[in-house]
Amino acid sequence: MPLNLDDIRRVAHLARIEVTDAELRAAQHELNGILGLVEQLQAADTTGVEPMAHAQDVTLRLRADEVTESDERARFQSIAPRVEAGLYLVPKVIE
Amino acid sequence: MVEASLSELATALKARRASSVELTRAALDRIARAKDALNAFITVDPDRSLAQARSADARIARGEGDALTGIPVAHKDIFCAEGWRTTCASKMLADFVAPYDAHVIGRFHAAGAVLIGKTNMDEFAMGSSSENSHYGPVRNPWHGEFVPGGSSGGSAAAVAARLVPCATGTDTGGSIRQPAALCGVSGIKPTYGLVSRYGMIAFASSLDQGGAFARQAEDLALMLNVMTGFDPRDATSLDRPKEDYARELERPLAGLRVGLPKEYFGEGMDADVRAAVEGAIAALRALGAKTVEISLPNSGLSVPAYYVLAPAEASANLARYDGVRYGYRAPEYADLADMYCKTRAQGFGAEVKRRILVGTYVLSHGYYDAYYLQAQRVRRLIARDFVAAFTHCDVIVGPTSPTVAFRIGEKVADPVKMYLSDIYTIAPNLAGLPAMSVPCGFGANGLPVGLHVVGGYFGEARMLNVAHQYQRATDWHRRAPAAFAG
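As they're listed, the protein sequences go chains C and V.
Be aware that the first sequence starts at 1, since it is given in this note's numbering, and climbs by one per residue.
Be aware that the second sequence starts at 1, since it is given in this note's numbering, and climbs by one per residue.
Derived by calculation from the structure, the hints in this document are not laboratory data.
All C-beta atoms, glycine included, are put in the ideal place defined by N, C-alpha and C.
Be careful, since some hints might not be right.
DEER-style ranges, computed between Cβ atoms [to be verified]:
| no. | chain 1 | residue 1 | chain 2 | residue 2 | range |
| --- | --- | --- | --- | --- | --- |
| 1 | C | ARG73 | V | ARG472 | 50 to 56 Å |
| 2 | C | THR20 | V | TYR367 | 36 to 42 Å |
| 3 | C | ALA43 | V | ASP414 | 20 to 26 Å |
| 4 | V | ALA319 | C | GLU69 | 20 to 26 Å |
List time: in silico SDA-like cross-link candidates among lysine to any residue, alpha-carbon distance up to 20 Å [said to hold, decoys possible]:
| no. | chain 1 | residue 1 | chain 2 | residue 2 |
| --- | --- | --- | --- | --- |
| 5 | V | LYS411 | C | HIS29 |
| 6 | V | LYS417 | C | LEU35 |
| 7 | V | LYS342 | C | ARG82 |
| 8 | V | LYS417 | C | GLY36 |
| 9 | V | LYS342 | C | PRO81 |
| 10 | V | LYS417 | C | GLN40 |
| 11 | V | LYS91 | C | ALA80 |
| 12 | V | LYS342 | C | GLN56 |
| 13 | V | LYS242 | C | ALA80 |
| 14 | V | LYS417 | C | LEU41 |
| 15 | V | LYS290 | V | LYS342 |
| 16 | V | LYS342 | C | LEU24 |
| 17 | V | LYS342 | C | GLU39 |
| 18 | V | LYS417 | C | LYS92 |
| 19 | V | LYS242 | C | GLN56 |
| 20 | V | LYS342 | C | ARG16 |
| 21 | V | LYS411 | C | TYR88 |
| 22 | V | LYS342 | C | GLU18 |
| 23 | C | LYS92 | V | ALA254 |
| 24 | C | LYS92 | V | ASP338 |
| 25 | V | LYS411 | C | VAL90 |
| 26 | V | LYS342 | C | THR20 |
| 27 | V | LYS262 | V | ASP322 |
| 28 | V | LYS91 | C | GLN40 |
| 29 | V | LYS342 | C | GLU23 |
| 30 | V | LYS262 | V | LYS242 |
| 31 | V | LYS91 | C | GLU18 |
| 32 | V | LYS342 | C | ALA26 |
| 33 | V | LYS342 | C | ARG25 |
| 34 | V | LYS417 | C | GLY33 |
| 35 | V | LYS342 | C | TYR88 |
| 36 | V | LYS417 | C | LEU37 |
| 37 | V | LYS342 | C | HIS13 |
Chain V on its own, in the form it takes in the complex (with noise of 0.2 Å):
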């Protein structure tokens, strides 16, 4: 059962040859046995988890249910879930257990999911190697002295490890499908606002977006179909008719037109990289699809404008972290004020604070026109860039990573060196746009390499799509790593 996806759990579960409590057991025994060498959880509740595979087992028994039911879901410890301690991997939140549920979390309980245990993360989504946690680093599954990426390193840990067969990220500037590509699964980040972000904890709120890991993109479709819907909790959850993803998996990419970015195969990826994202564009070749080059002249400029429009809204939504109607608040302080300052000095991590700071910098008297309305203004160049190529091809691809995963303490001391590690996904978040991450390969140390697939607004099946016929043609997919297979 450990090497199988969720689209193979959920016909085993229908065809009772599975339980769901025995996949239950089976995952929270996994997860408890490579604690120490993965830390992707931060807390797991076996109890609650097997009570919710009893009465998925109990519903399944009565011949209802769909495919998601009984099926041991992963959520990132952003999302809040009622009863369920909820941290962000901050000490700001270490004991905030949620008193109600995100929406996300409430349409997989509906769908019968088991939430099998909350993962690990860079505190607040804030990093790019799940480093930045309050409970330590998550380590990559494929070599553990590497990162497995981040902001969602704990999800993408546990799917690569085949802990779980699914599990839920955000993606602000690349947060699933970075660590997707460097752990070695596929990841998706949907249209924004497809998948509501109520009850998920915010950072940057014009650019946050609900996603999901799995082994492949069939499996995606089938949780893209749970988690999107409209939900008038978010004022920016889009009123859109329900759409059934998994739709045209099985469409041929025969006349597909692959757009490929001249700025991205020039300098700055490396040769492993760049060697197994050609495999994979000449795989596409080989099923169909035709390649043309196009250009996106404003994207070099997507990252300085992401680390101004980031933090400016981080800055603004972690205001509310001020030890008075919930989380830390500092043992000792002279006076309001002070307790203000002590609690947020102590309850926040390093490069929380650091972008807190910047974040208020650039939104500070004097510098706003500068900084924030002119990184607005190159905002819209970036997205008006893929709407003119989105004229001449149906989905864009390109490395998710300009390298392989990086070392543990590798770059904690160069903030933007870390920064440039999602020089190629943070595009997408600025115009809005659905993206996701593929395994194609390996390179330096036998880590694994993904594929960029960027696609038009609401172009999810199409993507889906792509990477599914890709997935059917190659195996990059079923590899685990060795320590965690079978």
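Pulled out of the complex, with its shape left as it was, chain C reads as follows (with noise of 0.2 Å):
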């Protein structure tokens, strides 16, 4: 079922990407072309496999809780957009 306006300004909000009327259009034709492309998966009879999540079957290594990172938090917030007093500072949120 081909995606309308409403889906892909849905998806848009998901994904907080803000697009304009024109850029919903433009999504709207690629989207389903793209997703016309991937609708060929439903043709394949997949009963009974198990879905591969990763390249290689194995399982992701845990390692030891202990702390290895020394403290770089004047470093790192020295490319931050906006930071005061060792804090990042975003838009107010709670009133």
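With the hints in hand, could you dock these two chains into one complex?
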């Protein structure tokens, strides 16, 4: 079922990307093209096939719960858009 | 020195017939002169590169160092390098100076290589033409009106134009092999998990793998010897004994079983590509290899499966670009949600947004099973096809790309058409297999054709052996674009 403009608007909101009306229409056309390509997957018989999440079937390693990194706050915050007193600044969330 | 390969330069450095400072100056000079014609680099920093060259020369003078010591290496601008602007060709990271080294960068530093610059690419490695760059398109050294392929197009163009002897790249669905083919250079993507992804900006983490470009297979072996190895900082890095990837280069090809997938030799490949690939297969037979027909019955589903899985992973990975901790932040916004939405709308280019939207959709409520899980099941079918095929052959050979390079602008308006450029390269990523491309001739407009060689898991040494023996018998890899020769 092709996506309509409301679907695209909803997806763009979930992705936190602002889209203009013109972009919405272009995105609708392109996404429907891509989903048309992807639709071929539905024809494959995958009964009993385990989904493959990773290229190698290995279990992810766990590491010891130990502090291994040093405090780099000042260095990492030096590249942040806005910081104050060691905190990242964002617009007020709670009134 | 321009025509010398990495291996030859290594020998010259060791014999003190050349210094790293000389090679570095020559590379910087060629990069500067090719800037307008190719746009292959995003950042160069001559002072830093020359400082590294001087310490490499000192190291060589002490009788230390190994193959890569003093060699100028270009790195795709997806690898974080401490103190270097690392943009991923995105406005989002246009001012991002990496606070640490990627594992790959650290390995090259330890080997004494010179970081000569950061190469242009498709934004966040999403593309097959290197047109999706905030810094403008990369151009093909063989013909400036054509694309170099992508996403590692700057690295491929830099090696093809003899600006550098070698470069790094990353390959999620063909981003090393397709540009290697379209630019007429050699490129390899190792088995998933051999090269650490630490500090390599993430696109689709279950598929992303670092790799290398050079003139010839012998040089790629030297690159892999540096790049591979266990890294506890990447949870998917494989803890395996270190290998010497050059160990099988001289092995004769007599008895080699070359698999030819019948699905790849039907419709879909241009006649000029077919002629060059068939010529290469004949050359392999002449070297003693036997060809066997094999089947990869689900290969036709690789592109559809990839365009569910890669965007899904990308939508999660790129959620980190929120304008809070680093990178671009929109100058004006009403509240926090608006800051996210405007930052991401302004910071990402069109293709990146398109893939985030596709990925968000296929992962959203009600569609996850139909798209994402089904694509993961198809991924296993594709991987099983390869496992079955490799019981009949040692390597699989075919075209890297169905066409030679296309014109800049030709496919930008039609994403699906662009995606089909990777029809042969995606399946090894889904399976996690190693694969490479080597030059095997020329097609329309004098543009290069690449031969795709896919190996079994951890089959890099054997693949490099096949490519090296082929390159001893042919000279396609020695051809340089006229505008950049000698």
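To see whether the hints hold, each was checked on the structure:
Checking the proposed 50 to 56 Å range against ARG73(C) and ARG472(V) shows it holds: the Cβ atoms sit about 55 Å from each other. The supplied range of 36 to 42 Å is broken by THR20(C) and TYR367(V), whose beta-carbon atoms lie about 25 Å from each other. For the pair ALA43(C) and ASP414(V), the beta carbons lie near 23 Å from each other, so the given range of 20 to 26 Å is met. Against the hinted window of 20 to 26 Å, the Cβ-Cβ separation of ALA319(V) and GLU69(C) comes to about 23 Å, which satisfies the hint.
With a C-alpha separation of about 15 Å, the suggested pair LYS411(V) and HIS29(C) falls inside the 20 Å cut-off, and the hint holds. Under the criterion of a C-alpha separation no larger than 20 Å, the hint pairing LYS417(V) with LEU35(C) is consistent with the structure, at around 13 Å. Between LYS342(V) and ARG82(C) the alpha-carbon distance is near 16 Å, which keeps this suggested pair within the 20 Å criterion. Note on LYS417(V) and GLY36(C): the hinted pairing holds, with a Cα-Cα distance of about 12 Å set against a maximum of 20 Å.
Our distance criterion of 20 Å between C-alpha atoms is met by LYS342(V) and PRO81(C), whose separation comes to about 14 Å. Of the supplied pair hints, the one linking LYS417(V) and GLN40(C) holds, its CA atoms being roughly 16 Å apart against a limit of 20 Å. Restraint check for LYS91(V) and ALA80(C): satisfied, since their Cα atoms lie roughly 15 Å apart, inside the 20 Å limit. Simply put, LYS342(V) and GLN56(C) have alpha-carbon atoms about 38 Å apart, too far for the 20 Å limit, and the pair is violated.
Restraint check for LYS242(V) and ALA80(C): not satisfied, since their Cα atoms lie roughly 38 Å apart, outside the 20 Å limit. Distance restraint check for LYS417(V) and LEU41(C): the Cα-Cα separation of roughly 18 Å lies within the 20 Å cut-off, and the hinted pair is therefore satisfied. Note on LYS290(V) and LYS342(V): the hinted pairing is violated, with a Cα-Cα distance of about 58 Å set against a maximum of 20 Å. For the hint linking LYS342(V) to LEU24(C), the alpha-carbon distance of about 15 Å falls within 20 Å, and the restraint holds.
Between LYS342(V) and GLU39(C), the direct Cα distance comes to roughly 32 Å. Violation of the 20 Å bound is thereby established for this hinted pair. Between the alpha carbons of LYS417(V) and LYS92(C) the distance comes to roughly 44 Å, so the proposed pair goes past 20 Å and is violated. Distance hint between LYS242(V) and GLN56(C) is fulfilled; the C-alpha atoms sit about 18 Å from each other, no more than 20 Å. At roughly 8 Å between alpha-carbon atoms, LYS342(V) and ARG16(C) fall within 20 Å of each other, so this suggested pair holds.
Between the alpha carbons of LYS411(V) and TYR88(C) the distance comes to roughly 41 Å, so the proposed pair goes past 20 Å and is violated. With a C-alpha separation of about 6 Å, the suggested pairing of LYS342(V) with GLU18(C) holds against the 20 Å cut-off. For a cut-off of 20 Å, the pair hint linking LYS92(C) to ALA254(V) is broken: about 71 Å separates their Cα positions. Our distance criterion of 20 Å between C-alpha atoms is met by LYS92(C) and ASP338(V), whose separation comes to about 12 Å.
The suggested pairing of LYS411(V) with VAL90(C) is violated, with an alpha-carbon distance near 40 Å, which exceeds 20 Å. Distance hint between LYS342(V) and THR20(C) is fulfilled; the C-alpha atoms sit about 11 Å from each other, no more than 20 Å. At roughly 46 Å between alpha-carbon atoms, LYS262(V) and ASP322(V) are farther apart than 20 Å, so this suggested pair is violated. Taking the CA atoms of LYS91(V) and GLN40(C), the gap is near 34 Å; set against the 20 Å cutoff, the hint is violated.
Our distance criterion of 20 Å between C-alpha atoms is met by LYS342(V) and GLU23(C), whose separation comes to about 14 Å. Taking the CA atoms of LYS262(V) and LYS242(V), the gap is about 35 Å. The hint is violated against a cut of 20 Å. Only pairs whose Cα atoms come within 20 Å are accepted, and LYS91(V) paired with GLU18(C) is accepted, the gap being roughly 16 Å. A hinted pair counts as satisfied when its Cα atoms are at most 20 Å apart, and LYS342(V) with ALA26(C) qualifies at roughly 18 Å.
Distance restraint check for LYS342(V) and ARG25(C): the Cα-Cα separation of roughly 19 Å lies within the 20 Å cut-off, and the hinted pair is therefore satisfied. A hinted pair counts as satisfied when its Cα atoms are at most 20 Å apart, and LYS417(V) with GLY33(C) qualifies at roughly 10 Å. Using a Cα cut-off of 20 Å, the hinted pair LYS342(V) and TYR88(C) holds, with the two alpha carbons roughly 18 Å apart. A threshold of 20 Å between alpha carbons decides the hint, and for LYS417(V) with LEU37(C) the separation of about 10 Å falls inside it, so the pair holds.
Taking the CA atoms of LYS342(V) and HIS13(C), the gap is about 11 Å. The hint holds against a cut of 20 Å.
When the structure is compared with the earlier hints, violations turn up for hints 2, 12, 13, 15, 17, 18, 21, 23, 25, 27, 28, 30 and for no others.
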